[in-house]
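Participant: Read off the chains here:
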Amino acid sequence: MVDYAIETIELVKRYPTSARREGGGVVFQGGGRVLISGRGGGVQSFGGILSAIRGTKGPFIEALHGVNLKVKKGETFGILGPNGAGKTTLIKILCTLVLHDEGEAYVNGFDIKKEPDKVLKNLQAVLPESRGFSWRLTGRQNLAFYALLYGLGDKEAEERINYLLEFTGLEDRADDMYQRYSTGMQRKLLLCRALLRDTPILLFDEPTVGLDASSAAEFRGLLHDKMAGEEGKTIFLSTHNLVEAQQICDRIAIIDRGKITACDTPDNIRYKMFDEMPLYITFYDVEFSEEHEKMVVMLQEMPGVYGVTPEIDHDKSFRGISIRVDKNMNLSSILEIILKNGLKIRKINTQEPTLEEAFIAITGQHPGEPSPRGGRRR
Amino acid sequence: MSMGLKLKQIAAFTKRDFYSWSTYKTAMITQLINVFIGVFSWGVNATYVQRPVSEMYGSDYISFLVVGIAIGNLIMPLVQGVERQLNPWTLETILMTGLSTPVFVIGNVMWNYLFSVITFVPYILIGIFVFGAKLNMNVVATIIAFAISAAILMGLAMISTGMRIVTKSTDPVTWAINVLQNLFSGISFPVVFLDSIFFPGASAISWLLPQTWVYHLCRLSMLTNPSLLDPAIQIQFLKGVIFAVILFPIGLKIFNWGVTRSKREGTLGWY
Chain R
4 MVDYAIETIE LVKRYPTSAR REGGGVVFQG GGRVLISGRG GGVQSFGGIL
54 SAIRGTKGPF IEALHGVNLK VKKGETFGIL GPNGAGKTTL IKILCTLVLH
104 DEGEAYVNGF DIKKEPDKVL KNLQAVLPES RGFSWRLTGR QNLAFYALLY
154 GLGDKEAEER INYLLEFTGL EDRADDMYQR YSTGMQRKLL LCRALLRDTP
204 ILLFDEPTVG LDASSAAEFR GLLHDKMAGE EGKTIFLSTH NLVEAQQICD
254 RIAIIDRGKI TACDTPDNIR YKMFDEMPLY ITFYDVEFSE EHEKMVVMLQ
304 EMPGVYGVTP EIDHDKSFRG ISIRVDKNMN LSSILEIILK NGLKIRKINT
354 QEPTLEEAFI AITGQHPGEP SPRGGRRR
Chain B
1152 MSMGLKLKQI AAFTKRDFYS WSTYKTAMIT QLINVFIGVF SWGVNATYVQ
1202 RPVSEMYGSD YISFLVVGIA IGNLIMPLVQ GVERQLNPWT LETILMTGLS
1252 TPVFVIGNVM WNYLFSVITF VPYILIGIFV FGAKLNMNVV ATIIAFAISA
1302 AILMGLAMIS TGMRIVTKST DPVTWAINVL QNLFSGISFP VVFLDSIFFP
1352 GASAISWLLP QTWVYHLCRL SMLTNPSLLD PAIQIQFLKG VIFAVILFPI
1402 GLKIFNWGVT RSKREGTLGW Y
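In order, the protein sequences belong to chains R and B.
Start counting at 1 in the first sequence, then tack on 3, and there's your number in this note's numbering.
Start counting at 1 in the second sequence, then tack on 1151, and there's your number in this note's numbering.
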């Protein structure tokens, strides 16, 4: 019994690059780290010629650097990272379009290098740039063509295509030429094609990129409610849309410069990244006095309090107080001190960290930004 | 907008296209060399036009040329079919279906080939009725010659496609094959002429080229009404079969090598 739908062990991928040694140093290019191969300086020997033919002649850029992931069956798993972090490379390795250099990767227990045919019977991918549809055929005709390539029988193909067109809400436009389709409809047809074989695992690379807000929401609904919910499929998606990740993913991994830097539920990633949280307390108007000043000092000295900032107007009106506290702190002790000082509380707010804040804290960048050059940062 | 700016903008387009062209190093070099090859081929044609082609097929030049052009039209889709269909979106998608290489290759050229077979007839009819070409055809031999030619050219197509998947442009192997074809395989003049053009025995090079056998077997079948029971003719066809048997598996190997290398380099989805 295989426990995981997808498992990668110390996965490494290096791409040949045009970067060359400059002044003896290492040239960084894109998001990864450039490694200078010993055989990179030109064809000097039979081994050099052989590696040139095989495409293993350096120098290389390291796109994935020992990636370890375990995706459970039936899980919706998101991989997040800045541009150039290695998300697409990972997805293309999993769907056998890119060969990894080191490490192991399994899809439903099948080794992706040794058993690619079995892998492709367990997994299909929706890659936004990989259309492969004939513009002057209808959506249905395009699907029928691919159904044949997948080896479906005529009747089985017809039934499956009808089901998928209805499933994705494309049945009314199924007999229109593909060139008449909107971007959202094209994306749905990609989904239909990926589902033709009814594989238990589906990969999506930036599933909603290029879609307008309502099409994106509809597509997310398809993924989350129908495919994951009704059909119980394992979904592995890459995105830098953090709202999307938080909405539909059971777990996420953050990849940065080819390395997984965090992997957990979206909530745990948000909370684990921060030891403190802000607490805002607003008072009914009162003049700021010496007692209040002493109260601020007392609060500052409390264990679990990292900082206290009173909010005082130019007319000395004591509006409220912001306190940075330990995320696990019992807040009643703070409230007790405030009430003892005769202050009347109008409002209490705490602000939970967002996934975006966690992402920035982990990667040092905003989502969608390219991975910076140079070494790893935390 | 000033004229100066407009000229600069036109120059910007030219510069962009030049830079793009110059990044395809192999294509750049081969295109330049092709200019010289083209001039040479047409020079030879001009020299030998209207000369009887009795040396090889007992035919007049126009019959020889019409059949050659018709065959060229027939076989071109086989060589170009796969690489014309080849774009990164299609290739990645098709590979994810787990389709076998021969099915992919044959599937991609089949319609173009069938269409060429249909258009082969008007070529021949126009040649006969407009230009007075005289055919002396053995239909069975012609069909066999076409089948052997298809296998040879499919092998070449796979070699070419495998190389193009890696180079994303003109590949040196296909280019060399095409150049040698233009010079030596007797598309528009009989290969025996090469002995008098270059040096005695130069035509021997032609017989090492698979394309020569494509043209030769088709012309033999369409211009000389050969008897398939004649051992001399059987040997000619056997030589063509040997080329096909060697080239097809080599083509498969090179196509798979191209895909594997491109997967290793992560360039399958690149132009």
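Treat each hint with caution, since some may be false.
[Said to hold, decoys possible] Cross-link-like lysine-lysine pairs, in silico, BS3-like; alpha carbons within 30 angstroms at most:
#, chain 1, residue 1, chain 2, residue 2
1, R, K124, B, K1404
2, R, K330, R, K347
3, B, K1404, R, K116
4, B, K1285, R, K116
No lab work stands behind these hints, which were simulated from the structure alone.
Participant: Hint by hint, say whether it matches the structure.
Facilitator: Evaluated hints:
no., hint, verdict
1, R/K124 with B/K1404, "holds, 24 angstroms"
2, R/K330 with R/K347, "holds, 24 angstroms"
3, B/K1404 with R/K116, "holds, 18 angstroms"
4, B/K1285 with R/K116, "violated, 58 angstroms"
Hint compliance for this structure: hint 4 alone is broken.
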